[in-house]
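Protein chains: 2
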Amino acid sequence: MSRQNVYFFGGGKADGNAGMKDLLGGKGANLAEMAGIGMPVPAGFTITTEVCTWFYENNGEYPPSLQEEVTGKLASIEDVMGAKFGDVNAPLLLSIRSGARVSMPGMMDTVLNLGLNDDTVKGLVKASGDERFAYDCYRRFIQMYGDVVLGMKPESKEGRDPFEEILEQKKVEAGVEQDVELSVSDLKDLIERYKAIIKSRLGIDFPVDPLEQLWKAIGAVFNSWHNDRAITYRRLNDIPGAWGTAVNVQAMVFGNLGDDSGTGVAFTRDPATGKNVFYGEYLMKAQGEDVVAGIRTPQPINRLQKGERDLPSLDVEMPGVYLSLEKIRSQLEDHYSDMQDLEFTIQNGRLWVLQTRTGKRTGFAAIRIAIDMVREGKISREEAIRRIDPEQLNQFLRPVFDPNGKKKAIAEGNLLATGINAGPGGATGKVVFHAEDAEEWARRGEKIILVRIETSPEDIRGMSVAEGILTSAGGATSHAALVGRQMGKVCVVGANTLKIDYRNRTIEAEGKTINEGDFISIDGMTGEVFSGQIETRPSEVLQVLIDKTLEAGDSETYRDYEELMNWADDIRRMGVRANADRPDQSAHAIAFGAEGIGLCRTEHMFFEGDRIDYFRQMILAPDESGRKKALEKLLPMQRSDFRGIFEIMGERPVTIRTLDPPLHEFLPHEDKEIEALARMMGIKVAIIKEKIESLKESNPMLGHRGCRLGIVYPEITEMQARAVFEAACDVVMDGGDPHPEIMIPLVGSLSELKLQEEIVRRVADEVQKEKGVNLEFLVGTMIEIPRAALTADEIASTAEFFSFGTNDLTQTTFGLSRDDASKFLGDYLAKGIWDADPFQKLDRQGVGSLVRIGIEKGRETKPDLKIGICGEHGGEPSSIEFCEKSGMDYVSCSPFRVPIARLAAAQAAMENVNE
Amino acid sequence: MSRQNVYFFGGGKADGNAGMKDLLGGKGANLAEMAGIGMPVPAGFTITTEVCTWFYENNGEYPPSLQEEVTGKLASIEDVMGAKFGDVNAPLLLSIRSGARVSMPGMMDTVLNLGLNDDTVKGLVKASGDERFAYDCYRRFIQMYGDVVLGMKPESKEGRDPFEEILEQKKVEAGVEQDVELSVSDLKDLIERYKAIIKSRLGIDFPVDPLEQLWKAIGAVFNSWHNDRAITYRRLNDIPGAWGTAVNVQAMVFGNLGDDSGTGVAFTRDPATGKNVFYGEYLMKAQGEDVVAGIRTPQPINRLQKGERDLPSLDVEMPGVYLSLEKIRSQLEDHYSDMQDLEFTIQNGRLWVLQTRTGKRTGFAAIRIAIDMVREGKISREEAIRRIDPEQLNQFLRPVFDPNGKKKAIAEGNLLATGINAGPGGATGKVVFHAEDAEEWARRGEKIILVRIETSPEDIRGMSVAEGILTSAGGATSHAALVGRQMGKVCVVGANTLKIDYRNRTIEAEGKTINEGDFISIDGMTGEVFSGQIETRPSEVLQVLIDKTLEAGDSETYRDYEELMNWADDIRRMGVRANADRPDQSAHAIAFGAEGIGLCRTEHMFFEGDRIDYFRQMILAPDESGRKKALEKLLPMQRSDFRGIFEIMGERPVTIRTLDPPLHEFLPHEDKEIEALARMMGIKVAIIKEKIESLKESNPMLGHRGCRLGIVYPEITEMQARAVFEAACDVVMDGGDPHPEIMIPLVGSLSELKLQEEIVRRVADEVQKEKGVNLEFLVGTMIEIPRAALTADEIASTAEFFSFGTNDLTQTTFGLSRDDASKFLGDYLAKGIWDADPFQKLDRQGVGSLVRIGIEKGRETKPDLKIGICGEHGGEPSSIEFCEKSGMDYVSCSPFRVPIARLAAAQAAMENVNE
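Chains as they are written, first to last, in the numbering used here: chain A, 1 to 915; chain B, 1 to 915.
Wrong hints could be hidden among the right ones.
Which copy is meant is left open, because identical chains are indistinguishable; a pair holds if it fits in one copy or across any two.
[Said to hold, decoys possible] Straight-line C-alpha distance at most 20 Å; calculated EDC-like pairs for lysine to aspartate or glutamate:
no.	residue 1	residue 2
1	K21	D613
2	K195	D161
3	K823	D623
4	K831	E718
5	K754	D827
6	K696	E665
7	K447	D547
8	K696	D819
9	K360	D584
10	K430	E454
11	K754	D835
12	K689	E454
13	K696	D501
14	K672	D610
15	K866	D889
16	K696	E670
17	K171	E192
18	K866	E595
19	K689	D501
20	K831	E624
21	K275	E57
22	K691	D501
23	K862	D793
24	K195	D205
In case anyone wonders, no lab produced these hints; they're calculated from the structure.
Start from the sequences, fold in the hints, and give me the full structure.
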């Protein structure tokens with residue numbers, strides 16, 4: 001037991017700090033930290049978690065010294081706040097809150113406005129000049145105290161909270177519907193009725209002594225550590241009961257105590273764009289919830305942010321307070337080395353900071369802030385890399401409006417309004433006003449913009465299917481802005497000149513009426529809202545990398561992207577390749593920084609143009625010689641595809657997988673198509689149908705595919721190998737340096753690989769002799785069924801590389817078809833059987849075990865065996881972390897995910913070193 | 001290098017013995033062994049493998065002492081045989097044969113009749129009294145010697161053997177077609193031409209000196225160790241080249257040297273019935289091949305065997321020789337303690353034994369011989385168990401075709417096809433193509449064979465009334481094969497040359513058309529399919545155990561079976577259970593000695609009578625309450641099934657698996673059926689069709705099945721648990737002692753098992769309270785997907801037992817659908833990728849690894865975890881051996897395979913101890 005039971009904070013100093021979470025709980029430690037660095041935090045003190053333990057070990061008694069310590073610290077609060085607890089003129093009011101080591105949101109109890117009684121409430125009336133506010137505080141205090149401290153419960157299981165019951169009754173009597181419509185006398189009457197029911201139920205008077213209130217509230221919070229909700233929550237989250245909770249007692253401040261009071265929220269940088277500008281909103285004569293609720297439109301904290309809007313700003317209205325806030329801003333960034341989100345209250349002209357935490361931001365902002373902070377010397381490159389969620393990079397790739405399109409729209413008078421730019425990107429879609437409609441419209445393939453006055457949690461599914469989100473109320477910290485940012489949606493909020501009419505389903509603005517279903521366009525970078533459609537164009541990054549319509553030097557965004565990618569490339573250990581089947585995809589892969597192709601699916605080439613006809617001819621041939629004839633026609637086509645890919649990929653390795661899907665996937669299924677095919681091939685419909693029938697499979701996933709095709713029809717592998725090697729030799733003869741890596745799919749035993757490898761090597765020898773060229777190439781295998789992983793030691797004796805096909809490996813390890821899993825995926829996620837869709841996030845326990853077994857066994861035989869992954873997981877950050885930990889050499893993913901993989905690989909490399 | 005290079009055998013003694021295979025080769029060691037135990041083996045000697053090594057290390061030179069040793073041993077041969085090498089009156093002829101440590105059949109060279117020349121051939125004429133025979137021997141000798149020793153080869157790659165060319169030409173000139181039609185002068189002419197071509201090609205005369213012939217032949221045999229064929233064979237069979245071959249030089253004996261010469265083959269016991277009688281055939285004035293060729297009808301060696309046939313017998317014709325043979329018979333059985341098969345020749349009244357080896361026998365014979373030999377004190381019970389191939393027990397259990405009936409059918413050209421022998425026995429009946437028709441035909445007393453391309457669960461009732469089941473598709477573990485075996489049906493599957501046409505109701509095969517209602521006969525022992533009827537016989541064992549139409553005491557066969565089973569039961573460690581779904585199957589299981597039920601598939605119960613209607617109602621219900629209503633109707637039905645099973649099984653454990661197959665398997669597929677269902681349920685056809693559509697799966701094997709059903713529809717598990725526990729309680733109240741073991745299928749993670757286990761235990765508690773009964777029961781899981789094995793440590797924290805479902809585990813480990821594997825199974829077996837169908841014989845390397853991982857991890861958590869297997873592998877001897885080695889507690893298989901499993905388990909237990 002530490003000698004000190006109570007830790008004070010406030011007045012620019014604190015007994016504790018952020019490192020003392022075990023003793024002070026998370027909240028207490030953070031308050032101490034803020035106070036310690038000079039934040040004007042409302043003063044308070046924290047009773048330690050050790051007192052909680054003592055309390056439980058001693059039947060609800062407190063340590064002997066506690067009373068004295070509390071009394072002392074309470075006096076310090078009074079000093080800092082300049083108000084007395086129980087004072088009848090300007091009373092100090094307190095909040096009493098729990099605070100465990102880890103957050104247990106809503107599980108334990110809280111009491112606010114403590115210190116009010118029939119006398120002090122009058123002091124609050126005086127101080128606030130708002131009688132209704134003061135009595136409402138008092139009414140709420142009694143209700144909260146009654147519930148939490150006195151334990152007033154419903155009379156029966158089905159019953160309601162007794163205070164709520166009285167409140168409802170009162171509203172009926174007063175003929176009003178909302179709490180806020182109750183008058184001062186209504187509230188006073190309620191207070192009396194509350195006291196009366198406490199008396200009649202418990203036989204006691206409501207305690208009027210503030211100190212008695214305080215001690216009882218402290219005891220109630222300690223007791224709430226062991227309430228049912230808290231116990232269940234701890235069990236579910238593996239939190240030890242022995243930890244206990246701390247109790248935080250803190251002065252209350254009010255932003256509605258008169259004309260020189262107010263409240264606001266600010267970000268130390270712009271959370272949407274990441275720009276290094278102070279950004280925030282406030283309301284005078286308001287409480288915290290008013291800013292978020294979106295009923296009144298908040299004001300910008302400075303002129304910069306105000307822009308063209310005709311609103312007052314804090315720097316103008318209260319320059320002194322604004323200056324303090326600016327100072328706090330830089331103090332916070334210096335201290336936390338990250339963008340902070342802070343809540344502040346101005347009480348009678350005095351600034352208080354209530355909370356500060358790392359601010360949520362868009363992907364765009366995240367990257368810009370991280371890079372800027374490196375440039376500012378605030379953080380290291382590694383730290384910058386660590387801070388960015390790789391998925392946020394997607395926001396750099398999202399389409400933007402075509403500048404000319406936007407100019408034209410403005411010229412045509414289509415600019416409807418300018419709101420707050422809450423989620424970058426440009427989006428065009430049909431106006432829909434209700435979340436449910438949004439879901440339905442999206443289901444039938446419509447692109448929609450969800451337009452709301454304000455959003456609420458019920459709208460989340462509708463928001464997730466929308467191209468963009470637009471609100472007329474609410475600020476940068478409104479629900480719409482927060483959620484939109486989190487989802488990475490294009491989002492404009494607070495476009496308050498729009499008149500949104502839910503009943504008629506219209507928007508009125510600039511004299512125009514937009515109906516549901518009409519097109520609008522929103523620019524999440526600028527906050528502009530347009531009627532009609534505006535053409536989008538690729539993001540600046542894509543314009544530089546893919547379209548080459550923009551010079552790297554002309555795009556700040558691109559330069560940020562490039563810088564970040566360079567840092568990531570310096571840090572990562574694993575290679576990053578792309579899955580690409582065609583020359584154009586290969587070009588994209590390189591643009592995104594792929595160092596090779598990890599999976600080229602040769603079958604995709606068979607669907608183009610008239611190739612499918614020859615391929616079908618091959619399938620329908622009655623014998624090997626017929627098949628060979630058809631394959632001969634396919635040979636030059638595949639060869640030219642490979643040539644194209646080799647030319648683009650230069651000396652980078654290109655992993656080419658031999659034919660994988662079952663043959664029936666290539667045959668037509670509809671009568672009309674079958675008839676056309678029969679005519680073209682000059683054979684009977686019945687014969688085609690018979691072939692289709694004979695190729696049908698009960699479980700195609702587990703059927704005649706992969707190397708099983710090449711084993712039954714070696715001529716297919718032979719043709720493919722020939723196409724690869726002829727193309728490679730041709731490229732060499734033209735001065736190129738291709739590095740093909742032939743990959744055999746669905747291998748389950750060494751002998752399967754050997755049979756295919758022999759064909760490949762024989763053809764390679766033949767072609768090299770014919771062309772007089774020496775090639776460097778590898779022959780390897782996919783590891784995508786459990787048996788391959790389990791016999792990897794044998795397989796590695798022939799394979800020159802392994803590539804884990806974790807899509808199939810997941811299917812077989814789970815006995816789970818990717819195509820059918822949706823039937824119960826929802827139930828499985830809801831019931832917590834899976835914490836994520838195993839096809840999205842690699843299952844480390846099951847599939848991961850097999851991957852590790854495969855790697856271990858493979859390297860037993862060949863210590864330097866090259867190993868990669870080419871399943872969808874190769875582009876998913878958590879799976880990439882697993883690949884790093886298991887010692888893979890590279891990951892391969894779709895070209896557009898290559899930047900994500902590069903960043904994730906860098907994070908994984910740092911993570912792995914740190915362990 | 002050993003001091004002795006040449007080992008003599010003959011005259012009742014030998015320098016070597018059977019233990020000297022490394023030095024003398026397999027053939028030489030066996031000849032020495034036979035001679036050593038007094039067999040009248042034609043005398044000879046073996047030049048050791050060490051000489052071969054020396055020969056290769058010294059450029060084809062021999063060790064210095066070799067010539068002297070050979071000369072000495074040759075003299076010994078002459079002594080024993082009473083004939084001189086090179087003698088012009090009755091010349092000793094020699095065979096020169098290779099003989100390596102392990103048999104390399106046909107890979108190396110042999111020379112026969114060595115010692116003949118223009119002079120000695122005349123001696124052979126005198127001795128045999130058969131000029132044609134003598135000159136044919138000479139002609140063959142020159143040809144063989146020319147090929148092997150002189151290296152006469154075809155002139156070009158496409159050319160023919162020069163001697164064969166001359167022979168063909170001679171036959172043309174002589175106007176004959178067969179070699180045997182050539183006259184003595186033809187042969188003499190041939191000999192001259194042979195010599196001439198040798199002279200013209202090689203410039204040498206054919207060597208006339210027998211000793212020169214001998215030494216050159218010895219050298220040729222040593223050289224043949226390094227011919228291409230032999231090198232390839234050794235590479236394929238992992239035989240080291242350093243081993244070398246021995247050379248066996250042995251006197252030739254002739255069974256056609258006059259009226260007191262002959263040759264024969266004998267078995268020391270009857271190889272068909274196993275009876276302890278001397279059994280054999282011989283021909284006078286004949287060579288070995290004449291007995292086998294079947295041109296002349298061989299004579300029985302004794303009167304006993306002659307029976308009613310009007311033939312001479314050896315015991316009458318040559319009583320002295322027969323007496324010697326009888327003595328040899330008992331000598332051989334005393335020495336080898338097993339039934340022997342021997343070849344003998346009588347040359348001029350003197351008996352020679354050429355070869356003896358363990359005799360092949362039928363399953364019946366194998367068992368009878370083993371048991372008799374135990375009774376005779378020749379072998380131990382363990383040895384008896386070890387000697388019987390468990391599959392041979394099938395011959396004790398299955399009704400079989402009358403052998404003569406089958407011969408006749410083949411002679412008449414009625415063999416239609418040969419498929420896979422999936423359910424042993426013989427069955428004859430009328431062809432029926434549809435399960436419903438099968439039921440109807442059976443009801444009116446017809447014996448039918450159900451003929452399907454493939455069967456599905458809907459066909460079960462039709463299958464159960466059929467005499468036999470025949471399919472054209474599917475393999476040894478297809479639905480038809482599985483269910484057929486379990487039902488004890490005669491079953492042939494995968495007879496893929498049959499064209500089954502459901503529309504015209506015909507089978508086309510071998511140019512015949514079989515119509516519905518025509519008779520066919522299928523032999524489940526051989527896979528043969530015949531048109532027409534063939535009479536069958538029931539097995540005596542079945543008559544005793546199942547039909548109870550025969551007293552155990554009246555059947556010698558049954559007593560043998562019983563004795564063997566008792567011995568096996570004494571030896572085995574693992575328990576043997578049966579897979580049985582119904583009371584009647586449970587009764588069979590017990591009759592065959594099952595100690596419990598290892599797998600009761602509850603879904604099969606849903607197909608009987610009107611249950612399928614309620615089950616479909618459950619599937620089609622729009623919500624949980626609708627499903628519950630339908631399940632309530634199924635509850636009493638399942639309860640009564642379980643009750644029946646518990647009553648029969650007594651206190652033996654009964655493992656009941658909760659619902660496993662995907663729901664779509666229960667819905668109808670044809671329009672007519674769907675319409676009928678719609679009428680019955682009073683709902684729209686469209687709704688049923690929509691449901692069917694929504695339940696369709698791309699890969700049903702990997703779809704919504706197993707515990708995934710019970711997790712999405714907990715009410716199904718609940719009903720099934722209730723049915724089990726109510727039935728068990730009822731049986732307890734009637735004085736029984738049931739032991740249900742509830743088994744959850746397709747579990748892949750602990751949480752799945754837990755969710756289902758909670759339901760089962762809750763229902764168990766409820767039912768026990770309601771009934772006031774205490775039950776002993778277990779809740780466990782199948783381990784049938786890789787993830788379950790890989791996370792078995794976690795799963796074992798809840799599971800009270802594991803049962804390996806190796807059918808599904810094989811499918812997922814290989815990524816291989818049981819239903820689709822037939823498309824490439826043949827290629828895979830032919831190319832040696834698999835040495836057996838992995839669905840028949842457990843793949844130890846892949847699937848076995850997972851089983852071992854699962855057992856190891858499971859027992860890490862629960863050291864005494866009960867573990868069994870309930871896949872088809874549970875009845876397959878090699879897989880049972882694996883189960884024993886991996887430490888399983890029991891195997892479970894179809895009732896009719898229980899005896900096989902008992903025997904195989906005993907063998908495995910001995911094997912495991914020996915290791």
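Consistency of the hints with the structure:
1. K21 with D613: Intra 70 Å, inter 63 Å, cutoff 20 Å: neither.
2. K195 with D161: For K195 and D161, the Cα distance is within 20 Å only inside one copy (15 Å; across copies 123 Å).
3. K823 with D623: So K823 and D623 pass the 20 Å test across copies only (16 Å; inside, 41 Å).
4. K831 with E718: between (49 Å within a copy, 17 Å between copies)
5. K754 with D827: between (43 Å within a copy, 15 Å between copies)
6. K696 with E665: For K696 and E665, both the intra-copy (10 Å) and inter-copy (18 Å) Cα distances are at most 20 Å.
7. K447 with D547: within (18 Å within a copy, 73 Å between copies)
8. K696 with D819: The answer is both: 17 Å in one copy and 11 Å across copies each meet 20 Å.
9. K360 with D584: neither (37 Å within a copy, 68 Å between copies)
10. K430 with E454: Answer is within: at 18 Å inside a copy they meet the 20 Å cutoff, but 53 Å across does not.
11. K754 with D835: between (39 Å within a copy, 16 Å between copies)
12. K689 with E454: Answer is between: at 19 Å across copies they meet the 20 Å cutoff, but 24 Å inside does not.
13. K696 with D501: Answer is between: at 17 Å across copies they meet the 20 Å cutoff, but 26 Å inside does not.
14. K672 with D610: within (18 Å within a copy, 41 Å between copies)
15. K866 with D889: Within. Shortest intra-copy distance 6 Å satisfies the 20 Å Cα cut-off; inter-copy 42 Å does not.
16. K696 with E670: The answer is both: 14 Å in one copy and 19 Å across copies each meet 20 Å.
17. K171 with E192: within (15 Å within a copy, 134 Å between copies)
18. K866 with E595: within (15 Å within a copy, 52 Å between copies)
19. K689 with D501: between (27 Å within a copy, 15 Å between copies)
20. K831 with E624: between (52 Å within a copy, 17 Å between copies)
21. K275 with E57: Neither, since 53 Å and 87 Å both go past 20 Å.
22. K691 with D501: Only across copies: K691 and D501 sit 16 Å apart there, 30 Å inside one copy, limit 20 Å.
23. K862 with D793: Answer is within: at 8 Å inside a copy they meet the 20 Å cutoff, but 30 Å across does not.
24. K195 with D205: Answer is within: at 7 Å inside a copy they meet the 20 Å cutoff, but 137 Å across does not.
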